[in-house]
Each structure stands twice: as C-alpha cells, then as structure tokens.
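**Student:** What follows is each chain in one-letter form.
There are 2 protein chains.
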Amino acid sequence: MFEHLKIILVGTTHPGNIGAAARAMKVMGLTQLVLVSPKIFPCAEASARASGADDVLSNAVVCDSLSEAIQDCQWVVGTSARDRSIQWPQLYPAECARKLANHPEKVALVFGREHSGLSNEELDHCHALLRIDSNPDYSSLNLASAVQLMAYEIRNVYLSQQTPERIELPRWERGVDQQTMDRFYQHLEQTLIDIEFLDPQAPRKLMRRLRRLYNKAEPCVSEMNILRGILSATQTTAKNHEKQD
Amino acid sequence: MFEHLKIILVGTTHPGNIGAAARAMKVMGLTQLVLVSPKIFPCAEASARASGADDVLSNAVVCDSLSEAIQDCQWVVGTSARDRSIQWPQLYPAECARKLANHPEKVALVFGREHSGLSNEELDHCHALLRIDSNPDYSSLNLASAVQLMAYEIRNVYLSQQTPERIELPRWERGVDQQTMDRFYQHLEQTLIDIEFLDPQAPRKLMRRLRRLYNKAEPCVSEMNILRGILSATQTTAKNHEKQD
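So the sequences go chain by chain: A and B.
Mapping of the first sequence onto our numbering: position 113 corresponds to residue 115, and the numbering continues sequentially without gaps.
Mapping of the second sequence onto our numbering: position 30 corresponds to residue 32, and the numbering continues sequentially without gaps.
Do not take every clue at face value.
In silico DSSO-like links for lysine-lysine, alpha-carbon gap of 27 angstroms or less [what the hints assert, rightly or not]:
{"#": "1", "chain 1": "B", "residue 1": "Lys207", "chain 2": "A", "residue 2": "Lys207"}
{"#": "2", "chain 1": "A", "residue 1": "Lys218", "chain 2": "B", "residue 2": "Lys241"}
{"#": "3", "chain 1": "A", "residue 1": "Lys207", "chain 2": "A", "residue 2": "Lys241"}
{"#": "4", "chain 1": "B", "residue 1": "Lys108", "chain 2": "A", "residue 2": "Lys241"}
{"#": "5", "chain 1": "A", "residue 1": "Lys218", "chain 2": "B", "residue 2": "Lys207"}
{"#": "6", "chain 1": "A", "residue 1": "Lys218", "chain 2": "B", "residue 2": "Lys218"}
{"#": "7", "chain 1": "A", "residue 1": "Lys218", "chain 2": "B", "residue 2": "Lys108"}
{"#": "8", "chain 1": "B", "residue 1": "Lys207", "chain 2": "B", "residue 2": "Lys241"}
{"#": "9", "chain 1": "B", "residue 1": "Lys207", "chain 2": "B", "residue 2": "Lys218"}
{"#": "10", "chain 1": "B", "residue 1": "Lys108", "chain 2": "B", "residue 2": "Lys218"}
{"#": "11", "chain 1": "A", "residue 1": "Lys218", "chain 2": "A", "residue 2": "Lys207"}
{"#": "12", "chain 1": "B", "residue 1": "Lys218", "chain 2": "B", "residue 2": "Lys101"}
Rather than coming from a laboratory, the hints here were simulated on the basis of the structure.
Note that the coordinates shown come from a computational prediction; the quantities given were computed from them, not determined experimentally.
Next up, chain A with everything else stripped away, as it sits in the complex:
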C-alpha cells in the first residue's frame, strides 16, 4: 500500500535518524525511502536504529540531488520550519496526508537537513509546504519524529477509508441489555433493604445515584454475574443473621 508515495530525506547528517525514519515508515506501512546525499550511509548506526525495518533501509534509493529523486513524481511537498520570504502554499499534517494518500499519481514528501532544512533551490521543486505546529519556545522536532507523525497521519487516511470492522467479543465480554440491568437494580434495591442500608420509607435519591453509577460502568455479562453473586451472598448473610435474631 502507498507504493506511489516516497519519503525523501535530503542531506541527513545523523545516520541514526535515517534508521529511525525507516522504522517509523515501516511501522505505519510505508516502504519507499529515498536518500539524497546522506552524510554517512550505509552505516551500522542506521541499521541499529532501523531495528527490523532493514528491508526499507536496504531498498532505499540513494540520489545526488532532489531533482533527480523526484523525476517520476507529480506532486511534491516539502517540509520547512523556517519562515520564507516567498510563501509556498501551506498544508497542515492531516490535510497533507490526505492529499498524499489519495493522489492518483506518484507523490513525494521531502524532509530537509536536521539543522538547515531545505534550500530555496530545493523548495522550488515543491508544490506545497507541510507545516507541523509546535511549541513556539522549542520547535526542535526530531527528523525521524516528523517522519513518524506524517506516516501515522497517512495511515489514518488509510484506516478512515476502510470499512470499519466490528470486533466480535466473546459472549461474556458483551454488554448486558436493559432488562438485565433492571433486574439487577431490583436485586440491588432489595439487598440494600435487607442489610438496612436503604429505608424503603425514605429512599431519597439513592437508587437514582446507583443507577447512574452502574450505567456508567456498562457491565458486561461476566461482570454482571459477579455483581449478582455478591448480592446473593450478601442476602444469604443477612438472612442467616435475621433467623438468629
């Protein structure tokens, strides 16, 4: 899935970030990685941080320039933390992910150097800029983290377009119906009378409050069995006590 979508890392300085980016991609189902003039690659640190995503790493295409990397792409988004004198159209992550994921042609999402980002010449190749909002006092989003966020958003697009599966729960994990809840409340009320916690002459709002509480819990079948068991054990205790009065 998403074979039409390349993640391009330009001029990456730390090989650890390349490995971590490969892992970030694969965990969300992305596979197409392109490296433009990486400082150090291949490299043991990259492989270590890839941790099982070494196939993404070993299939990575290495290029000398961004323009070479995007030859077959129709739509290219760059990332940039800096403000530019010339404004490119800006996209936020979810919106950008939607356009990338649903694009009918080949597309690329381009990440710049750790410290200096993309050059103006590189941005000239981009149709839009991705803007990831961050803390204005500390906007140092790690490169692989940025890749992770976008891979996650791209997977969200995929998930939102799947027909949602309804998880089939085992019978005892399913919620109980209202008739069962009503019978439980009757049993609870009688038990509270039996242990003299509830005075039927002055019930106040006790049962209403207890209904609200147990409704919030949405008991499943096994939990309801436990609750009913506790009530029965309480009543047995109360009955024995009464008999001996």
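Once you have looked at the hints, place chain B on chain A.
**Tutor:** Coordinates of chain B only, in the frame set by chain A:
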C-alpha cells in the same frame, strides 16, 4: 498548558528513549514526565537525545511503582500492543488525546517497557487502553515515537480548541483520586471475604474484574460515599451474623 497531564514511562530500558521522549513532549508543549523504575537514569545518552529538552528531563519525577506515580490522578490510560484475556476499554489516539486534554482532573498516559509493555498488575490501574494502529506485519513502534504521536495529538486538541474549556464541577461531582479508589478496593475485597464471596486462598481474577468494572464507572465523590456506606452496612450485617453463630 496541560500541567494536569503526566506522561509516565515504566521500566524504560534504553536511556536514549527517555531523552527522545522528553524532546517529543516539549516540542508539542508537554512538560510533566514521570519515570517509574528506569533501568539507567540519569544518563548522558538521555541528555544527548533530549537535545534542549533537558528541563523536562531534569524536572522528571522518578518513582518506584506505577501505583505511586498515579496517586493524584483520576484517569489513567495505558498503552499495550498485546491482546489480553480481559478486555479493557480501548481508545484510538485522537479520541484518547481529546479525553486526556479536556479532563478536568489530573490524568496520566502510561507507556510500558520497550519489549514487554505493561504487566497485568500495572494495567489494573488503567481505566482504558490506548490502541495505536500499525502495520500488522511490523508493529514495532518505537517508545519515543509513540510518545511523539500522542503529544502531537494532544497538541492538535489544543489547536482545535485554543481556549480549551475545563468545566468546573461541584466538589461532590468531581471524580475521586486513585488513593481513594485503592482504599475502596481494599474495603471491597475485605467485605467480599467477610460475606464469604471471595476465598482469599483462591481469589482467581475476581478483584481484577471488579477493578475494571468500577474504573469504568469513574465514581464521583458522592457515589464513592454511597459505595463505602454499602460496604460498611454489609460488614455490620456479616459481623452480627458471626457473633450469633
């Protein structure tokens, strides 16, 4: 912002992940980091990977257990990759972020060990489980990446609301803290022993199931008072019965 929200890392093995998590938090505006029994901390590698988020790291609280870490929290979400025999309520990232960000009380988002996640005993403290969907063939989401995704989603909530409302509830309608819940569970367990519903020699999973049930209900102060009152009345009944045996 989001001072009511703790990120808790339990039993982290790689100090680099602690540093990267601190950076991931700060870049999205989160500050409250708690470390439960980290393997190695403090550590130069953690500081290096924090890269400017060293204030989050140096302010991190270190605890011996998860239950200590969440004493003042009212709502706790765990993360888990494994399927469990007992199902906790599951939340997806955006939904989970919304609940965390808008919660009127203190809340915690808990991340487990790199390889083994959270133990069942630790999950017993959680009200819900976060589920981050990933590639079924390679679901190895890095710990700091998971923190990054959630910090990003939490910031998204902030951005979408700008002035997030935190509704001020009357005292008796406010949720109770985990210390209060712990005392309730102790009282409940003792009462179930008193009425001979729970055999301390063969407790099975009873208390775990009851914890899940009452955690789902998120009792408020007035509801907790009622529950404790019912337990005390039950114990009185059981005691009178015993005396007359």
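**Student:** Next, verify each hint and record whether it holds.
**Tutor:** Outcome of the hint check:
1. Distance hint between B:Lys207 and A:Lys207 is unfulfilled; the C-alpha atoms sit about 33 angstroms from each other, more than 27 angstroms.
2. Note on A:Lys218 and B:Lys241: the hinted pairing is violated, with a Cα-Cα distance of about 31 angstroms set against a maximum of 27 angstroms.
3. For the proposed pair A:Lys207 and A:Lys241, the alpha carbon gap of about 26 angstroms is at most 27 angstroms, so the pair holds.
4. Of the supplied pair hints, the one linking B:Lys108 and A:Lys241 is violated, its CA atoms being roughly 43 angstroms apart against a limit of 27 angstroms.
5. The hinted pair formed by A:Lys218 and B:Lys207 meets the criterion: a straight-line CA distance of about 22 angstroms does not exceed 27 angstroms.
6. In summary, the hint linking A:Lys218 to B:Lys218 is supported, as the alpha carbons are separated by about 7 angstroms, within the 27 angstroms threshold.
7. For the hint linking A:Lys218 to B:Lys108, the alpha-carbon distance of about 20 angstroms falls within 27 angstroms, and the restraint holds.
8. Using a Cα cut-off of 27 angstroms, the hinted pair B:Lys207 and B:Lys241 holds, with the two alpha carbons roughly 26 angstroms apart.
9. Taking the CA atoms of B:Lys207 and B:Lys218, the gap is near 17 angstroms; set against the 27 angstroms cutoff, the hint holds.
10. Of the pairs offered as hints, the one joining B:Lys108 and B:Lys218 holds, with about 16 angstroms between alpha carbons and a cut-off of 27 angstroms not exceeded.
11. Pair hint A:Lys218 plus A:Lys207 holds up; C-alpha atoms about 17 angstroms apart against a cutoff of 27 angstroms.
12. A hinted pair counts as satisfied when its Cα atoms are at most 27 angstroms apart, and B:Lys218 with B:Lys101 qualifies at roughly 14 angstroms.
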